[in-house]
Amino acid sequence: MRAHQRLWRTRWGRLTLVMGAVALALLALSGLAQAQVALPEAVSEQGDSIRALYFLVFGIGVAVFIIVEAMILWVVFRYKRKSDDELPTQIGHNATAEILWTGIPTVIVIALFIISFFVLQDIQAAADPDEETVVVDVQGRQWAWAFNYAVPLGTDLAEAVSENPSDTEIMLEDPSLVVPFMTLKLGVEHMRVVARTGDVVTVERAVNGTVPIRHAAGSEVMRSFNGTDTVAEGRLQQADNTPIVTVPVGPMIRFNIASADVLHAFYTPQFLTKLDAVPGRVQTLWVRITEAGDFASQCAEFCGRDHARMIYTVRALEPADFEAWFADKAGSAPEPIDGDFGGEEEVEQEEGAVGNATNGQSLFFSLGCNVCHGDSGEGLVGPTIAKTIVPLDRVITQYREPLEAMTAFPPDQVSDEDVADIYAWLQTVPRPPEAAVIPSKLAELIEAGG
Amino acid sequence: MATLAGAQTTPYAGANVWRTVLEWLTTVDHKKIGIMYLWAAGAFGLVGMAFSLVMRTELAQAGTIISAETYNSIFTMHGSVMIFLFLLPVGAAFMNYSMPLQIGALDMAFPRINALSFWIFLFGGALLAMSFAVEGGTASAGWTAYPPVTLDTGNNAEPPGAGMDMWLVGVILLGQASIFGSVNFLVTIFKMRAPGMTMWRLPLFTWTTLVTGLLILLSTPVLAAALVLGFIDRNGAEGAFFDPANGGQPLLWQNLFWFYSHPAVYIMILPAMGIVSDVFGVFTRRPIFGYRSMVLALVGIGLLGFIVWAHHMFTTGGVFLPFFMGATFLIAVPTGVKMFNWIATMWRGSNVFPTAMLFSVGFLMLFLIGGITGVFHAAVPVDFALHDTYFVVGHFHYTMSIAATFGFLAGCYYWFPKMFGKFMNEGLGKLHFWLLFIGVNLVFFTQLLLGLDGMPRRINDYVANPGWELMNMLITIGAFVSAAGMMVFLYNVFYSLKWGERAGSDPWEGTTLEWATTSPPPAHNFDSLPEIRSERPLFDLRFGERLQDDPHYHVNNGHNGNGHGRGGTAQPSESAREEG
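Protein chains in written order, with numbering that gives the first Met the number 0: chain A, 0 to 449; chain B, 0 to 579.
Since the hints were made in silico from the structure, they are not lab data.
For each residue, glycine too, the CB sits at the ideal point set by N, CA and C.
Watch out, some of these pointers could steer you wrong.
Straight-line C-alpha distance at most 20 Å; calculated DMTMM-like pairs for lysine to aspartate or glutamate [stated by the list, open to error]: (1) B:190 - B:530; (2) A:386 - A:415; (3) A:440 - A:392; (4) A:79 - B:425; (5) A:81 - B:508; (6) A:386 - A:446; (7) A:79 - B:508; (8) A:328 - A:293; (9) B:190 - B:106.
Which stretches of chain A does chain B cover? Using the computed rule of at least three CB atoms under 8 Å from a CB of chain B, they are [said to hold, decoys possible]: (10) 111 to 121; (11) 157 to 169; (12) 298 to 305.
Some chain B residues well away from chain A (every beta-carbon gap over 12 Å; in silico) [as the list claims (entries may be wrong)]: (13) 42; (14) 106; (15) 126; (16) 129; (17) 168; (18) 179; (19) 189; (20) 292; (21) 305; (22) 451; (23) 537.
Using the sequences and the accompanying hints, generate a full structural model.
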């Protein structure tokens with residue numbers, strides 16, 4: 000007799016196996032007791048609708064599960080062969096039964112379809128045209144989120160702009176309002192100001208992951224700014240700074256979701272919804288938040304190596320708090336600059352710096368460094384790098400073999416000269432006050448003499 | 000293979016090992032090809048399971064043990080191996096082995112193409128395996144390989160290396176093997192049936208082979224197109240097809256990919272449904288309830304399977320939601336019909352429960368949960384909440400992964416005596432069943448709960464909240480319990496090959512033609528065939544006399560529907576025989 004047969008035949012063997020199974024079942028039950036069999040409490044109007052539909056589907060599902068599972072167990076335990084020559088009934092059809100079990104499920108799924116259809120209409124509905132809304136331009140990028148907001152610049156487009164991304168010269172009614180590297184927003188498209196020659200403003204089209212679209216003359220021009228806050232304690236071991244998107248409770252919020260590189264998904268479990276960030280598209284998600292608080296969120300579409308670390312927090316503030324926050328973030332319009340800028344002109348550079356700071360500034364944005372380090376290197380998810388004390392050669396090493404979460408940039412993508420250019424520009428920008436500095440492990444190492 | 004050959008009693012007994020090896024390498028016998036598919040797919044299945052254990056070890060607690068790159072590579076290969084190298088070929092294994100026997104054919108219509116199909120499959124698998132050795136490692140963007148993260152165009156921060164190309168080419172080869180196989184199955188079923196084996200007398204497993212063959216033939220070329228475009232995109236076109244930075248469209252890949260991969264779900268589950276249908280027929284001594292509605296449901300699932308692909312893309316913002324929601328809901332209907340028919344087959348049956356039957360009942364229970372959770376995803380607003388969380392991981396494992404595996408395991412226990420002339424050990428079989436049944440429920444039910452709580456899939460680390468940590472630990476324990484069950488199975492296979500109780504030609508009192516020949520069958524399959532008057536020729540042979548006065552017993556008449564499809568219309572066997 001083999002070992003396993005002995006095990007099953009002895010009383011103790013059976014006892015061991017049965018006890019093992021019972022222990023596992025208890026373990027499972029203890030786990031299930033802690034988990035909830037429902038979606039999380041929604042903090043948005045749309046989420047409430049989704050949760051109600053969920054409970055409907057859940058109720059039908061549980062009923063079907065119990066009925067069918069009971070039928071299975073019934074036929075299994077009730078009908079067993081009693082003798083070797085037993086022959087059961089040979090009934091092979093029953094029209095009534097078959098019509099019933101085709102018809103009833105059909106009716107149920109059609110009803111579910113109709114209800115789901117109306118819930119879908121409801122949760123996808125846009126705000127009323129005359130209703131005040133808050134717009135957040137969400138940009139997913141490997142592996143960080145940036146949340147941009149916009150305020151009116153105070154001028155309109157003087158001439159139409161085509162959807163061709165190489166159409167980079169635009170005419171504004173009042174071009175004096177733009178300054179270098181200001182981000183303009185027309186429709187859902189973001190453009191970065193590169194130069195101004197006379198009345199002609201040269202821009203980089205479709206930045207921040209947006210897409211080039213056609214703009215009619217007279218379109219309103221907005222000034223876009225990065226409103227990403229960060230929270231210092233990371234929720235994951237390796238993520239030190241979590242980006243925060245700040246929104247108000249009450250008004251409809253329009254999230255314009257874009258991606259600068261690959262697929263991502265904007266997913267806040269307590270909104271009970273998600274929408275993919277698809278490169279080449281700007282997609283809209285409408286949410287009306289009903290509760291203030293911080294809501295943990297993360298990317299839900301696989302986007303490469305550090306997908307798991309693309310976490311963010313939705314911070315919902317009461318309307319008055321939000322307005323104060325917004326006014327503070329938006330700041331006032333920048334001081335107008337007289338005359339032309341950009342083109343041949345050099346950014347003011349400190350003595351001894353190597354590299355072309357103007358080119359460096361341009362690279363800083365086109366490579367997306369600003370997504371993590373802020374528009375002037377003040378630090379967001381990534382550390383403060385304005386006026387960094389880390390020497391250039393060590394910075395080049397950081398590009399090639401990054402310490403911590405930074406994306407690696409191989410030499411064929413960013414040459415040593417390019418890094419030197421960016422480094423030169425970073426030495427020209429103001430360093431934020433010490434209290435606002437996001438610490439850098441690399442800088443700490445250098446300071447410690449590493 | 001030497002062990003295998005040892006288990007074969009005739010006609011190779013006594014041949015030396017090398018001749019036996021050569022015999023297997025050059026064989027065009029559908030039975031040997033089927034067995035080779037089974038061994039190869041089984042081995043790949045164990046590898047896929049090992050990958051899942053690595054993932055579960057990493058996820059048991061928050062924090063990381065292996066690097067993110069390694070984790071991404073492992074989960075990608077887990078999916079790719081399990082789908083392309085385990086579930087699809089294990090279905091092909093049974094279709095190869097049993098279908099020609101069930102229709103009373105000598106072999107497949109194109110035996111050489113059949114062998115070619117197997118060797119292409121093995122080569123494709125080898126290519127995927129070899130990608131572990133290249134610089135940059137294997138593909139690591141999931142088995143769905145959504146661009147642009149698979150591309151090496153400028154905007155992707157960490158472009159994958161040559162492993163991605165090997166994955167694309169490997170899957171093209173696997174698809175080609177599938178297409179060859181499907182043509183063979185279809186022609187065999189249409190042209191090689193024994194006299195008397197009309198379409199309405201095909202065993203249900205053969206019907207599933209037919210529908211599966213059609214699905215493969217119509218959908219796989221679309222996957223091949225996507226893979227070729229992906230390969231071109233990576234090698235010269237710089238994302239012109241799939242990366243918008245260069246004029247491409249990432250959703251194009253998703254549409255093409257799911258146009259294959261949704262039907263592929265049915266390609267995996269239908270053969271398992273066929274197996275359990277046959278098993279229920281045998282171990283209840285009853286006709287399969289609603290045979291024709293079963294066939295129609297099968298065809299219905301196949302047809303609907305082609306118009307629901309975009310339900311994998313509800314959150315992309317790029318599909319017409321109401322249409323795909325409606326079509327997806329509708330699939331619940333034919334699936335429900337099948338479920339009720341299976342239960343009705345056991346109802347008032349003379350049921351016995353050997354391991355094959357246990358796994359078939361297990362299949363029903365698991366598939367039920369999979370089906371119900373599918374309705375959650377069909378309701379688009381609910382899918383918005385659940386898509387890409389562990390809920391969907393639990394859902395699809397319940398259906399196409401673990402329910403299908405239960406069906407295939409039922410097939411192993413059921414056809415093992417036919418393949419090797421020996422029974423599998425029943426005691427070990429039951430231990431296997433219970434360990435696996437408890438283990439997989441612990442894994443996948445907990446995953447449903449974890450998904451409800453909002454944990455996304457495909458992450459190598461997660462926020463350390465107590466609920467997620469506990470649930471993840473339970474899933475990991477369940478995974479190891481399941482693996483222990485599969486080790487028992489593996490032991491059982493080798494134990495039974497060596498010491499298994501001898502089985503005669505018809506050890507289960509089978510109903511279909513494969514039981515009308517010796518175990519294992521001779522190279523030419525049959526010396527003689529019984530009269531075929533219904534979908535259960537052997538049942539008729541065994542019990543026909545005793546049942547001839549039973550008003551419900553009738554031999555299925557292939558020429559008109561009068562004797563079939565209506566409850567209560569008596570059709571005594573004798574009159575049917577006269578008509579035939």
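Checked hints:
no.: 1; hint: B:190 - B:530; result: 19 Å, holds
no.: 2; hint: A:386 - A:415; result: 19 Å, holds
no.: 3; hint: A:440 - A:392; result: 16 Å, holds
no.: 4; hint: A:79 - B:425; result: 18 Å, holds
no.: 5; hint: A:81 - B:508; result: 16 Å, holds
no.: 6; hint: A:386 - A:446; result: 14 Å, holds
no.: 7; hint: A:79 - B:508; result: 16 Å, holds
no.: 8; hint: A:328 - A:293; result: 19 Å, holds
no.: 9; hint: B:190 - B:106; result: 12 Å, holds
no.: 10; hint: 111 to 121; result: holds (count 6)
no.: 11; hint: 157 to 169; result: violated (count 0)
no.: 12; hint: 298 to 305; result: holds (count 8)
no.: 13; hint: 42; result: 23 Å, holds
no.: 14; hint: 106; result: 32 Å, holds
no.: 15; hint: 126; result: 23 Å, holds
no.: 16; hint: 129; result: 22 Å, holds
no.: 17; hint: 168; result: 22 Å, holds
no.: 18; hint: 179; result: 32 Å, holds
no.: 19; hint: 189; result: 26 Å, holds
no.: 20; hint: 292; result: 6 Å, violated
no.: 21; hint: 305; result: 18 Å, holds
no.: 22; hint: 451; result: 6 Å, violated
no.: 23; hint: 537; result: 15 Å, holds
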